[in-house]
Structures are given as C-alpha cells and as structure tokens.
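K.L.:
Hey, can you work out the whole structure from these sequences and the hints?
Protein chains: 2
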Amino acid sequence: MSRAHAHPALHLGFTANELASSPYARFYNPDLAPLPEHVKEALQIGGQACELFPPVDKVGGLQTPGYWPVETGYTVAPDGAVRISVLTPMPRVTPAMWDWWFAWHGCASERYKLWHPRAHVAVGWADGRADLAYVGRTSMVTEYVGSSLFEVAIRFVPPASLGFDEQRLAADGEVVICARVGLAKVPILTGWLVHHIRPVPGGAEMRSRFWLGGDNVRPVGMPGVLGGFIGRTAYRLQPIKAEQVRELMVHDAQEMNHLAGFLPDLYAAFGPGAVASAEGGLRV
Amino acid sequence: MSRAHAHPALHLGFTANELASSPYARFYNPDLAPLPEHVKEALQIGGQACELFPPVDKVGGLQTPGYWPVETGYTVAPDGAVRISVLTPMPRVTPAMWDWWFAWHGCASERYKLWHPRAHVAVGWADGRADLAYVGRTSMVTEYVGSSLFEVAIRFVPPASLGFDEQRLAADGEVVICARVGLAKVPILTGWLVHHIRPVPGGAEMRSRFWLGGDNVRPVGMPGVLGGFIGRTAYRLQPIKAEQVRELMVHDAQEMNHLAGFLPDLYAAFGPGAVASAEGGLRV
Numbered sequence: 001m002s003r004a005h006a007h008p009a010l011h012l013g014f015t016a017n018e019l020a021s022s023p024y025a026r027f028y029n030p031d032l033a034p035l036p037e038h039v040k041e042a043l044q045i046g047g048q049a050c051e052l053f054p055p056v057d058k059v060g061g062l063q064t065p066g067y068w069p070v071e072t073g074y075t076v077a078p079d080g081a082v083r084i085s086v087l088t089p090m091p092r093v094t095p096a097m098w099d100w101w102f103a104w105h106g107c108a109s110e111r112y113k114l115w116h117p118r119a120h121v122a123v124g125w126a127d128g129r130a131d132l133a134y135v136g137r138t139s140m141v142t143e144y145v146g147s148s149l150f151e152v153a154i155r156f157v158p159p160a161s162l163g164f165d166e167q168r169l170a171a172d173g174e175v176v177i178c179a180r181v182g183l184a185k186v187p188i189l190t191g192w193l194v195h196h197i198r199p200v201p202g203g204a205e206m207r208s209r210f211w212l213g214g215d216n217v218r219p220v221g222m223p224g225v226l227g228g229f230i231g232r233t234a235y236r237l238q239p240i241k242a243e244q245v246r247e248l249m250v251h252d253a254q255e256m257n258h259l260a261g262f263l264p265d266l267y268a269a270f271g272p273g274a275v276a277s278a279e280g281g282l283r284v
Numbered sequence: 001m002s003r004a005h006a007h008p009a010l011h012l013g014f015t016a017n018e019l020a021s022s023p024y025a026r027f028y029n030p031d032l033a034p035l036p037e038h039v040k041e042a043l044q045i046g047g048q049a050c051e052l053f054p055p056v057d058k059v060g061g062l063q064t065p066g067y068w069p070v071e072t073g074y075t076v077a078p079d080g081a082v083r084i085s086v087l088t089p090m091p092r093v094t095p096a097m098w099d100w101w102f103a104w105h106g107c108a109s110e111r112y113k114l115w116h117p118r119a120h121v122a123v124g125w126a127d128g129r130a131d132l133a134y135v136g137r138t139s140m141v142t143e144y145v146g147s148s149l150f151e152v153a154i155r156f157v158p159p160a161s162l163g164f165d166e167q168r169l170a171a172d173g174e175v176v177i178c179a180r181v182g183l184a185k186v187p188i189l190t191g192w193l194v195h196h197i198r199p200v201p202g203g204a205e206m207r208s209r210f211w212l213g214g215d216n217v218r219p220v221g222m223p224g225v226l227g228g229f230i231g232r233t234a235y236r237l238q239p240i241k242a243e244q245v246r247e248l249m250v251h252d253a254q255e256m257n258h259l260a261g262f263l264p265d266l267y268a269a270f271g272p273g274a275v276a277s278a279e280g281g282l283r284v
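Here the protein sequences come in this chain order: A and B. What the first sequence shows, in UniProt numbering, is residues 1 to 284, in sequence order. What the second sequence shows, in UniProt numbering, is residues 1 to 284, in sequence order.
No wet-lab data here; the hints were simulated from the structure. Errors might be hidden in some of the hints.
Identical copies go unnamed one by one, so any copy, or any two together, can satisfy a pair.
[Claimed, not checked] Dumping the calculated SDA-like pairs for lysine to any residue here, alpha-carbon to alpha-carbon at most 25 Å:
hint	residue 1	residue 2
1	Lys-185	Thr-233
2	Lys-58	Ala-16
3	Lys-58	Leu-149
4	Lys-58	Gln-48
5	Lys-58	Glu-18
6	Lys-185	Val-152
7	Lys-241	Gly-80
8	Lys-58	Ser-148
P.N.:
Written out as structure tokens, the structure reads:
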C-alpha cells in the first residue's frame with residue numbers, strides 16, 4: 001500500500017449536499033458500532049504463532065466445514081510478512097448479498113462510503129465501466145487505514161484460481177471474494193485478500209483473510225523467481241509495522257460489522273429484485 | 001516535552017509524613033478508577049483518519065452544541081503532528097469547579113498530586129506568585145507520561161485568543177481552559193491543549209483536545225514563517241511515537257476521570273465558599 005496525499009476534492013463522509021441529494025443517504029451512518037468483543041480480545045493478545053495461520057496456497061481449505069485455529073488475530077512471519085484473520089457474524093445476511101455488494105459498491109464513492117464512513121474516501125473501476133461485476137476487474141480505492149491514507153488497487157480474481165471448488169461453493173450457498181492487492185500508482189503487488197461468506201443459522205458469517213508483505217510482494221507481471229526476489233527486497237526497505245497490522249485488523253472488523261448491520265435493507269432497496277422500482281440504485 | 005531526570009527531592013505520591021500532615025491527605029487516593037470503556041475502545045482502535053479531528057484554529061467550534069466525529073481517539077497527521085481527543089463524563093461536577101481547580105492546584109505539588117497520584121510529581125507557577133489565577137500565567141509541571149518523566153511549561157491563554165466567545169461561555173455556564181504547551185528548560189513550544197467543560201444533566205462533561213508536534217512546534221516568540229520552519233524541522237528529528245500518543249491519551253483520561261470523582265468534595269472543602277473555614281486551603 002502506498003501512502004497518499006488526499007486530493008482536495010476527495011473527502012471523508014457525506015457533505016450536507018450529499019446527505020440531501022444522495023439516494024443512499026438514508027443508509028449513511030457516521031457512527032460505527034462498537035468493536036466486537038472477540039476483536040478487542042485479538043488486539044489485546046497481539047501477534048500469534050505463524051503456524052496457526054495457513055499460507056495463501058492453502059486458502060481453499062476455508063471450504064472445509066469448521067474453523068481455522070485462529071479466526072480473529074494476526075501474525076508476523078519471520079520474513080516480516082503479515083497474516084490477518086477476522087471473523088464477522090452477520091445475522092439476517094446472506095452470502096449472495098455480499099456477492100452483489102462487491103460489484104455494486106465499486107461504481108460510486110457514495111456507495112463505498114456507506115461501508116466505512118470514517119475511513120473510505122473514494123472508489124472507481126480501473127476499466128471505467130459501471131456494470132455490476134467484479135471478478136476479473138480492478139477496483140481503485142482511496143481509504144484510511146489507521147491515520148494513513150492509502151491508494152490501493154484491488155484486482156479481483158476467480159476463486160478457482162486460489163484453489164476453491166466453485167461448483168461446490170454454489171451448491172453450498174457460499175461466496176468467496178478473492179483479490180490480489182497492490183499499489184495504485186506503481187505496478188507493485190503487495191498481498192492477497194480473501195473473504196469467505198457461508199450461511200449459518202439466522203444469517204451468515206464472513207471469514208476474512210489477508211496475506212501481506214514479504215514473499216507476497218512483487219512487481220506486476222513477474223510471478224517468477226526474479227519477481228519474488230525484487231518483491232522481498234523492496235519489502236525489507238519498508239515493512240509493515242505492527243501498528244499498521246492492528247489498524248488493518250480493526251478496519252476490516254469495523255467495515256464488515258458496520259455494513260452487515262444494514263446490508264439486508266440496502267439489498268432490498270437496491271439489489272437485483274429492486275432495480276425496477278429504484279432508479280436511483282444505479283445512479284453514480 | 002523534554003525528558004527530565006527527577007530531582008532527588010521530587011517524588012511521586014505522598015510520603016508518610018505528608019499523609020499525616022497535609023491538609024489534602026484525605027483527598028489523596030493512590031488507586032485510580034478503571035479506565036472507562038470508551039477510552040479502552042479508542043486505544044484498541046488506534047489511529048484514525050485526520051479529517052475526523054478539526055484543526056486547532058477550529059477549536060472554537062467546541063462551543064457549538066453536539067459532538068465532534070471523534071470525542072475520544074487520536075490521529076497522526078501526514079506531517080507527524082498528533083491530535084488527541086478525550087471525553088470525560090463528570091457526574092456531580094460543575095464547570096466552575098474546574099475553573100477554580102486550574103488556578104488552585106498550580107500553587108502546590110501536594111494539590112497537583114491529588115489529580116494523578118501515579119504520574120504527577122511537582123508543580124509551580126513560573127511567576128512564583130500564589131494567588132488564584134491561571135489565564136496569562138505559566139504553570140511549570142513535572143509529570144510522568146507513560147514511563148517517561150517530562151518537564152512541561154503550560155502557558156494558559158484567554159479562550160477568546162483561540163476563537164471562543166467568552167460572553168457566551170459565561171452565559172451558557174461553560175468553561176474552557178486553553179494553553180500553549182512547551183518545554184520547560186528550552187524555549188520551544190510543542191503544541192496546544194484545550195479542555196472544554198459544559199453542563200449536562202446530573203453534572204458536566206469535559207472534552208479535552210491536544211494538538212502536538214508538526215506545525216505546532218516553534219521557538220518561543222517566533223510565530224511567523226521562520227519559526228514554523230524551525231519548528232517543523234526540529235520536530236522531524238524527534239517526532240512523537242505512536243506509543244507516546246496512546247500514553248498521553250491514557251494519562252489525560254485517568255487524571256480527569258480520577259479528579260472528577262472527588263472534585264465536588266474538594267471544592268466544598270477548599271473552594272471559594274470554604275476559604276474562611278479552611279485556613280489550610282491556601283497553605284502551600
């Protein structure tokens with residue numbers, strides 16, 4: 001992630017004008033729910049053993065019933081690479097709502113801001129299109145993590161490319177969002193993110209996973225040994241700090257918990273079943 | 001703030017002799033109340049977006065009813081400057097009690113220690129006088145913040161000089177304490193502090209604000225461009241660390257919460273209405 005300077009026109013939150021005119025204003029709530037207890041405990045515990053966090057090439061294992069040793073917590077590996085896990089219980093939510101959300105929010109900053117009103121600044125698709133799809137596309141986001149503003153390129157990839165059985169996901173009513181994370185202004189890939197959403201009684205649960213830094217860093221288009229060497233070397237010059245790891249865990253927990261609180265209502269208002277009756281739903 | 005070495009005669013807490021002879025001993029409680037839940041959560045959240053914390057030249061906005069986006073939390077701005085906010089609910093307390101406290105405590109270390117018995121070491125007015133006033137005067141304090149001992153010069157300034165409407169403050173029964181914070185041993189200003197106390201049902205609430213480092217740093221008597229350049233350059237050599245920001249937030253929350261617990265009784269015993277009956281009240 002690259003630290004960015006805010007463009008003057010970019011701003012956190014909805015302006016008075018946006019609150020008055022945005023079709024999404026009624027879903028904009030600048031007050032976040034309190035941090036869930038299990039997230040607070042994970043922050044207090046701090047870094048944990050790397051072996052408790054499977055590597056990204058084993059992420060397909062999320063499809064196996066049950067839980068990983070650490071569902072909420074983080075580790076810093078010997079090479080400085082970071083792995084973060086966050087579990088978010090989501091009553092009333094279905095996995096399909098999140099599949100819709102990841103396509104829908106990327107078209108408009110006003111949508112993106114609903115998700116984390118205290119950190120999300122701007123979003124747009126790299127291809128400039130406004131259709132409802134995300135796999136294979138790159139979302140360019142500007143957001144705070146902690147006190148620092150970052151410009152990030154999120155390249156969504158098919159779950160199968162990371163080892164998920166997509167037919168079985170569909171059969172089980174599960175959704176997995178997978179992406180290669182990188183810098184927006186320079187062609188450097190910095191890590192991976194995966195959000196696995198599966199049905200549970202009364203709703204769904206999201207299991208978020210991040211692998212960042214170390215061997216995950218490499219120049220775009222250089223998946224081989226040389227790219228790995230360049231990436232690791234670059235990372236050693238500016239490794240992720242422990243404080244940043246914690247801030248990223250807080251950020252993910254906050255945004256997922258916050259949106260889950262009103263996602264069913266947002267989906268009813270702007271989701272696939274509501275498009276005909278809500279023209280504003282596609283307004284950018 | 002400058003790190004100091006404790007003078008041998010300086011000590012934390014009340015000695016056995018002080019406990020036996022000090023007129024304030026019955027108000028000395030070395031046990032602090034637990035950190036309020038909202039402060040714990042702010043510590044767990046960590047740094048937040050700078051845009052959520054108004055700059056010092058907008059501090060007069062505290063007089064507007066309502067709350068700021070973050071009432072308890074901190075940010076580190078792109079230039080490394082720090083902004084900290086702490087909200088302290090204070091049942092039974094009135095704003096006038098704090099106005100009295102800021103003048104009264106500065107005359108004697110035994111009074112100052114009541115406020116934060118685990119961090120406050122010594123206090124005295126730079127002008128050596130012992131009268132009850134603080135605006136326009138400089139309080140020289142020696143206190144721990146975290147594990148480090150600091151000697152700080154706190155130059156109290158009129159609220160109007162920071163943009164407050166003093167007539168309206170008086171009419172609303174509100175009190176604002178404003179000060180320029182600096183090093184005690186060298187003529188360097190490091191930041192600003194503001195405590196806004198307003199009545200709420202059942203008592204009062206204090207909204208503390210700190211702006212430290214970065215552009216807030218400058219040599220005493222050099223408010224212009226050159227002073228700003230010198231200040232920013234000096235600050236880059238020794239910026240405030242994230243750990244110190246958290247420690248300062250804890251320190252403020254502890255001292256305000258602790259004193260608020262017995263300030264009404266202290267005020268009854270030594271405040272303006274009690275001077276005649278409590279000769280010891282003015283003893284240094």
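K.L.:
How would you classify Lys-241 and Gly-80 at a CA-CA limit of 25 Å: within, between, both, or neither?
P.N.:
So Lys-241 and Gly-80 pass the 25 Å test inside a copy (9 Å) and across (16 Å) alike.
K.L.:
With identical chains, the pair Lys-58 and Ser-148 could be close in the same copy or across copies; at 25 Å between alpha carbons, which is it: within, between, both, or neither?
P.N.:
between (31 Å within a copy, 22 Å between copies)
K.L.:
Quick one: Lys-58 to Leu-149, C-alpha cut-off 25 Å, is that within a copy, between copies, both, or neither?
P.N.:
between (31 Å within a copy, 22 Å between copies)
K.L.:
Please sort Lys-185 with Val-152 into within, between, both or neither, judging by C-alpha distance up to 25 Å.
P.N.:
Within one copy only: 8 Å inside, 43 Å across.
K.L.:
Is the C-alpha distance from Lys-58 to Glu-18 at most 25 Å within one copy, between copies, in both cases, or in neither?
P.N.:
between (43 Å within a copy, 23 Å between copies)
K.L.:
For Lys-185 vs Thr-233, is the C-alpha pair at or below 25 Å within one copy, between two copies, both, or neither?
P.N.:
within (19 Å within a copy, 28 Å between copies)
K.L.:
Is it within a copy, between copies, both, or neither that the alpha carbon of Lys-58 lies no farther than 25 Å from that of Ala-16?
P.N.:
between (47 Å within a copy, 19 Å between copies)
K.L.:
Measure nothing new, just compare the shortest in-copy and cross-copy C-alpha distances for Lys-58 and Gln-48 to 25 Å and report within, between, both or neither.
P.N.:
Answer is within; shortest intra-copy Cα gap is 19 Å, inter-copy 33 Å.
This entry satisfies every hint, going by the numbered hints stated previously.
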